[in-house]
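Undergrad: The residues making up each chain are set out below.
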Amino acid sequence: MTFDVILQAVLLGLLQGGVYALVACGLTLIYGVMKIVNFAHAEFLTLGMYLAITAFHLGASPYLVALLIFGVVAVLGAGIQSVLIRPALQHPQINQMLITIGLSTMMIGAMQLIWGPNNQVLKLEWSGEAMELGGVRLTYVRLISFVAAALIAALAWWFLKHTRTGMAMRAASQNPQSARLMGIEVMRVNMITFGVGTGLAAMAGVLIAPAFFANPTFGTDYFILPAFVIVVLGTMGNFAGALIGGLIIGVAEGLGGLVFGPALRQLVSLLLFVVVLLFLPRGLFKGKVS
Amino acid sequence: MTTHDLNPSRRQFVQTLGTAAGVAAFPTLAQTADVKVGFLLPLTGSFAESGQLIKQAVEMAIEEINASGGIKSLKGAKLVGVFGNSTSVDEANTETNRMISRDKVSAIVGAYSSGATISSTVIAERNKIPYLVPNALADEITARGLKFVFKTVPHFSQYAINSGEMVAQLSGGQAKTCALVRENNFFGNVVSREFNKHIGNYGLKLVKDNVFPTNPTTFEDVILSLKRDNPDIVFASGEPSSITLLFKQLAELKYWPKMGWVGLGGGYTNPTTWSNLGKQGDGVIVINDWFPDIKLPGAREVNERFKKRSGGKDMLGNANTTYAGVHILRAAIEKAASADGVAIRDALAGLDLVLGPQSFMYERVKFDNTGFMPRTTLVAAQVTGGQPKVIWPTAYQTTKAVWPVTR
Numbered sequence: 287m288t289f290d291v292i293l294q295a296v297l298l299g300l301l302q303g304g305v306y307a308l309v310a311c312g313l314t315l316i317y318g319v320m321k322i323v324n325f326a327h328a329e330f331l332t333l334g335m336y337l338a339i340t341a342f343h344l345g346a347s348p349y350l351v352a353l354l355i356f357g358v359v360a361v362l363g364a365g366i367q368s369v370l371i372r373p374a375l376q377h378p379q380i381n382q383m384l385i386t387i388g389l390s391t392m393m394i395g396a397m398q399l400i401w402g403p404n405n406q407v408l409k410l411e412w413s414g415e416a417m418e419l420g421g422v423r424l425t426y427v428r429l430i431s432f433v434a435a436a437l438i439a440a441l442a443w444w445f446l447k448h449t450r451t452g453m454a455m456r457a458a459s460q461n462p463q464s465a466r467l468m469g470i471e472v473m474r475v476n477m478i479t480f481g482v483g484t485g486l487a488a489m490a491g492v493l494i495a496p497a498f499f500a501n502p503t504f505g506t507d508y509f510i511l512p513a514f515v516i517v518v519l520g521t522m523g524n525f526a527g528a529l530i531g532g533l534i535i536g537v538a539e540g541l542g543g544l545v546f547g548p549a550l551r552q553l554v555s556l557l558l559f560v561v562v563l564l565f566l567p568r569g570l571f572k573g574k575v576s
Numbered sequence: 008m009t010t011h012d013l014n015p016s017r018r019q020f021v022q023t024l025g026t027a028a029g030v031a032a033f034p035t036l037a038q039t040a041d042v043k044v045g046f047l048l049p050l051t052g053s054f055a056e057s058g059q060l061i062k063q064a065v066e067m068a069i070e071e072i073n074a075s076g077g078i079k080s081l082k083g084a085k086l087v088g089v090f091g092n093s094t095s096v097d098e099a100n101t102e103t104n105r106m107i108s109r110d111k112v113s114a115i116v117g118a119y120s121s122g123a124t125i126s127s128t129v130i131a132e133r134n135k136i137p138y139l140v141p142n143a144l145a146d147e148i149t150a151r152g153l154k155f156v157f158k159t160v161p162h163f164s165q166y167a168i169n170s171g172e173m174v175a176q177l178s179g180g181q182a183k184t185c186a187l188v189r190e191n192n193f194f195g196n197v198v199s200r201e202f203n204k205h206i207g208n209y210g211l212k213l214v215k216d217n218v219f220p221t222n223p224t225t226f227e228d229v230i231l232s233l234k235r236d237n238p239d240i241v242f243a244s245g246e247p248s249s250i251t252l253l254f255k256q257l258a259e260l261k262y263w264p265k266m267g268w269v270g271l272g273g274g275y276t277n278p279t280t281w282s283n284l285g286k287q288g289d290g291v292i293v294i295n296d297w298f299p300d301i302k303l304p305g306a307r308e309v310n311e312r313f314k315k316r317s318g319g320k321d322m323l324g325n326a327n328t329t330y331a332g333v334h335i336l337r338a339a340i341e342k343a344a345s346a347d348g349v350a351i352r353d354a355l356a357g358l359d360l361v362l363g364p365q366s367f368m369y370e371r372v373k374f375d376n377t378g379f380m381p382r383t384t385l386v387a388a389q390v391t392g393g394q395p396k397v398i399w400p401t402a403y404q405t406t407k408a409v410w411p412v413t414r
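Quick note, the sequences are listed as chains S and W, same order. Those letters in the first sequence? Residues 287 to 576, per the numbering used here, in order. Those letters in the second sequence? Residues 8 to 414, per the numbering used here, in order.
Just chain S, with the same shape it has in the complex (with noise of 0.2 Å):
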């Protein structure tokens, strides 16, 4: 196995991983602060891809229009929070989970409806282009998707740590009770984080539009199983853990798959899953959520 196979196989790893650590991100964000766990959070990465790929038939470049996109899905987020969640937020666990999991089903439906159960393939002109370096090559498209999902990522730390909103999102998700009585109002919180969160995934399905395809499943298909393996390796709730998992993973899975071959390429992260859980339970960050 030659030196360049190795370093394209880690390099490549390492850009997937940055577009599973964005998903993971809006994950751990919900969870962190609403201690919900939202088994819908892949379909709203599939909802992304599909307004970049109409965007795009309209005529409008993905990347140019990944801000509005962003926008548009943080308030249907936020309202499907409101509708959906809050009425069941002081209710036990498990009903939270089933109604995320209904949400995945009604719009997996949804999609289907409006879209189609086909392939729609965003075919951008310079989708092949890449960059060399010696026996490497890789597409701007990866690139600019990594590029923009560590921004986004540094964005989304930014704004947790320095702005009054994302301080009261930390200070919700350390004691909601607490945070209450300082005259934060952690309903309007939570909502926000939903929308953010969720904003995020869509983002992510933007990044990676021209890169993959989308149909109405593609979400549960490929990206939710990383999301959520990354999501505890890098301690659930914590944003700078989910972010580092990420790349873990997608490296663990580049390698995995040069190695033992495609069908075992997640052997190796689920194998760390595993190792993680037995000796670290509570994930790299040893339960410390930031």
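A few of these clues could be false.
Here are the computed distance ranges between Cβ atoms for each label pair [unchecked claim]:
hint	chain 1	residue 1	chain 2	residue 2	range
1	S	437	W	319	37 to 43 Å
2	S	381	W	111	55 to 61 Å
3	S	449	W	191	52 to 58 Å
4	S	400	W	308	32 to 38 Å
Hints listed in this document are in silico derivations from the structure and should not be mistaken for laboratory results. Being a predicted model, the structure only gives us computed values, none of them experimental. We put the beta carbon where it would ideally sit given N, CA and C, even for glycine.
Chain W: place on chain S using the hints.
TA: Using the frame of chain S, we list chain W on its own:
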């Protein structure tokens, strides 16, 4: 007029009224019952592109049959399709049971994926309902001694044998090594087994069997290992969604085998695959049992009729074979003159058709004692501008092959 006289006429009046109301309410009583046929197809999920295309072909066949007078030996009984989803083995089994017990179908046609077909045929056999397979390729389907199962599509072993013959002829024996790219499911395992068994007979060494999972997130590792093994030819099977991702990434990583890429049936014959891929698909060779431009009577006409309802998509991806299958089943029901499962089964077993609506792809319809309908050879087509053109064997050729296919 006495009351006594009035009574009978009033009774008569009520009787007449009752009969009229009855006839109006149950018009079917006056006609023969419909013949229900179950169609098991993957209508959602990752095989949905194929399933939906096939459904359109089934509806076209049923409309044609009913418009031409239905089943004449059953006083013009109409054929009615009952559709069920066969996305997974479990689902196919549940739907088969439902079709038999609740919908009371006389026959079943399906189920696209070999895994789902293997299991659901057993249920039909137990219930003595004939099961026609015009779209799943595994050899095992008719190799288990089942009496109610009939398969009109070639066995997969024939794909392996004809692929070897074609490559040996096109390359003049120059192709020495090959690699496989196939899914990790029942059908993929059949592909692997048959290639391992047969491909060596044509001077080809199988250097690597690349297996990818159902719903793969990436093909980068497959492509990197192909780069490393550097085979002359790649033989591949898959579904439209995975093929779309694979070819995008082949372009991204700039890999192409030394002599050519050969797709084996299934998703490689699906027109959606080629419209999704555009230029990226040019030069790929696809091996299958039929193509619209094949030199057989009525092939082009049937395809044009189908394109009118499919939005311009060719009658490929097993839409062709399933369409022909419905017509073959109609011939059997006609011959049986009964909607009973056993009678239709016996009619299918004894069928020998030469001319008919199925002639656009089958020169003769006759099942052997395992329920399989043998064919002499498959055909290969090369994709040019999104259209497959028949290149092999020379008897059916409409365009000369471009060989080797380099990029």
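Undergrad: Give a verdict on every hint.
TA: A quick look at each hint next to the structure:
| no. | hint | verdict |
| --- | --- | --- |
| 1 | S:437 <-> W:319: 37 to 43 Å | 42 Å, holds |
| 2 | S:381 <-> W:111: 55 to 61 Å | 41 Å, violated |
| 3 | S:449 <-> W:191: 52 to 58 Å | 47 Å, violated |
| 4 | S:400 <-> W:308: 32 to 38 Å | 35 Å, holds |
Consistency note: the structure conflicts with the earlier hints numbered 2, 3.
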